[in-house]
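Residue numbers (our numbering), protein chains in the order written: chain A, 1 to 258; chain B, 1 to 261.
Be aware that a few hints might be false.
Using 16 Å as the maximum straight-line C-alpha spacing, the simulated EDC-like pairs for lysine to aspartate or glutamate come out as follows [to be verified]:
{"hint": "1", "chain 1": "A", "residue 1": "50", "chain 2": "B", "residue 2": "103"}
{"hint": "2", "chain 1": "B", "residue 1": "83", "chain 2": "A", "residue 2": "75"}
{"hint": "3", "chain 1": "A", "residue 1": "98", "chain 2": "B", "residue 2": "103"}
{"hint": "4", "chain 1": "A", "residue 1": "50", "chain 2": "B", "residue 2": "170"}
{"hint": "5", "chain 1": "B", "residue 1": "247", "chain 2": "B", "residue 2": "201"}
{"hint": "6", "chain 1": "B", "residue 1": "98", "chain 2": "A", "residue 2": "102"}
{"hint": "7", "chain 1": "A", "residue 1": "98", "chain 2": "B", "residue 2": "102"}
Think of the hints as simulated: they come from the structure by calculation, not from any bench.
The chain contents come next:
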Amino acid sequence: MLVLYHNDMSVCAQKVRLCLAEKGLAYEARHMNLRAGDQQQPDYLKLNPKGVVPTLVDDDIVVTESVVINEYIDDAFPRHPLKPNDPAGRAKMRWWTKQIDDSIFAATGTVSMSIAFHHQYTPEVLAELVRQRGEAYRRRFNLLQQGVNNPNFPDAIKRLYKMVVDMNAALEHGPWLCGEMLTLADIAFAPYLTRLDHLKFLGFLDKNARTAHWYERMRNRASYRTALAAQFNPKYLPLMDEKGREAWPRVKEFVGLA
Amino acid sequence: MLELYHHGTSVCAAKARIILAEKGLDWVSRYVDILKGEQFAPDYLKLNPKHVVPTLVHDGNVVRESTVIGEYIDDAFPDPPLKPDAALDRVTMRIWTKRLDEELHPATGIVTYAISHRHAVIANGPAAIKAWVENVPPAEQARRRQRLEAGIEDPDATAAMRVYDTFLGDMETQLARTPWLAGNRFSLAEVGVIPYINRLDMLALSGLWTEKRPHLSEWWQRVKTRPTFGTALLKYVPPGLGELMGKYGKEAWPKVKAIVQ
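Isolated chain A (complex conformation):
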């Protein structure tokens, strides 16, 4: 039996839910409340020592790290393959998924926290995180509270714009990032476009029509509706909407769209 420890709005968890849905695999979902610290409970840390979501458990096999989990799912359940057949296509796919781990995930964290999520942290939660992670976390949090004035914000938002531009260039060769076939690369990027959508930054797509069409195709898939859209957290969306709209004029300047 497959068990997925996840969170509704986590981009990494969304990636794995989308993969499982594309495969048509049934699983038991265990939702973790990250703001309540579920991921730091001792039983969960035994499965996932870093204390992050997602974790996939397949009987006695425990798999962490969303990029590794999705490769595992495709290796262990080969029906409806999500990797290209040819080595060059696979290399392309892995180059895309690696971009997320190298820089896009971190940039998304900086942008989302600076604009919206830092408002969700109560003084009690912050104190607990500082206790766990040290004073450096408080310094980092103080920067995040500066919103678009966070000194790390411009580089992070430029990275996300570059992502949209790079995707647009790749999509010249077919409807999906690696060509004719939907792969783990498309699955991995869908949550990141969704995050830009929730922050009302879809102006990024104005000059990148192919990325816009890709996102539209993605959103129209049944897998996207069940694994992502149906699970968006209604408590998060208004905050992201409101704070994102406020930030948009500065965001536009940073990426040269103003």
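Starting from the structure of chain A, add chain B where the hints point.
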């Protein structure tokens, strides 16, 4: 035709050479002297916009990122296989290669500089040191000077050394269970890890395993007796560099030992 753009001091380029050697593939060497800045040449930037080595070009198809290159060569030339057969062991393999990219790779640069390469800057005398420190924005100059002077006792270097030690500890745990890092045979996990362990070995820090990690020690002996270790790795170390790294490493060893204890 397989063409590899690479350099002798780069850990990532070494990974690509090891996998080509393990597969017994012929390849054409395109040496990019990163110490002379050849990675910034316009023609190379077209192949590799991040201006890093290695880049593999296979019949005109460009593959970047050493971890991706490893998977690519194993997909394109399946024999002998360098991925485990079982899905679970592939997970183990990919967790290792991911940890290399995200944990060990950043730590390696910091540790190598703190123990060895900073001495090359210091050796050039006070005027050169001043110019080197002032080559970054004013806000970063104090940190740059501190790193230059404190060596492995700089807080960032100490933290990087501990990252290495944790990684070695996790290798020991795994190698107590299985003969190779991802199960019963040599895999892309080894291909990835070898250059990073070799870096410690060149820095005369092998005490990190010989003194307390018997399984890792035995594994490293096995790795070093593979024919590919010489042909893919040692052959490309620039002359004189190994001796220099060993000399500074021996000086630093007591401090390193204190950090990880």
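Each hint tested on the structure:
Of the supplied pair hints, the one linking residue 50/A and residue 103/B holds, its CA atoms being roughly 13 Å apart against a limit of 16 Å. With a CA separation close to 12 Å, the supplied pair residue 83/B and residue 75/A stays within the 16 Å bound. Pair hint residue 98/A plus residue 103/B holds up; C-alpha atoms about 14 Å apart against a cutoff of 16 Å. Taking the CA atoms of residue 50/A and residue 170/B, the gap is about 14 Å. The hint holds against a cut of 16 Å.
Our distance criterion of 16 Å between C-alpha atoms is met by residue 247/B and residue 201/B, whose separation comes to about 12 Å. For a cut-off of 16 Å, the pair hint linking residue 98/B to residue 102/A stands: about 10 Å separates their Cα positions. A hinted pair counts as satisfied when its Cα atoms are at most 16 Å apart, and residue 98/A with residue 102/B qualifies at roughly 11 Å.
In terms of the numbered hints stated before, the structure departs from none.
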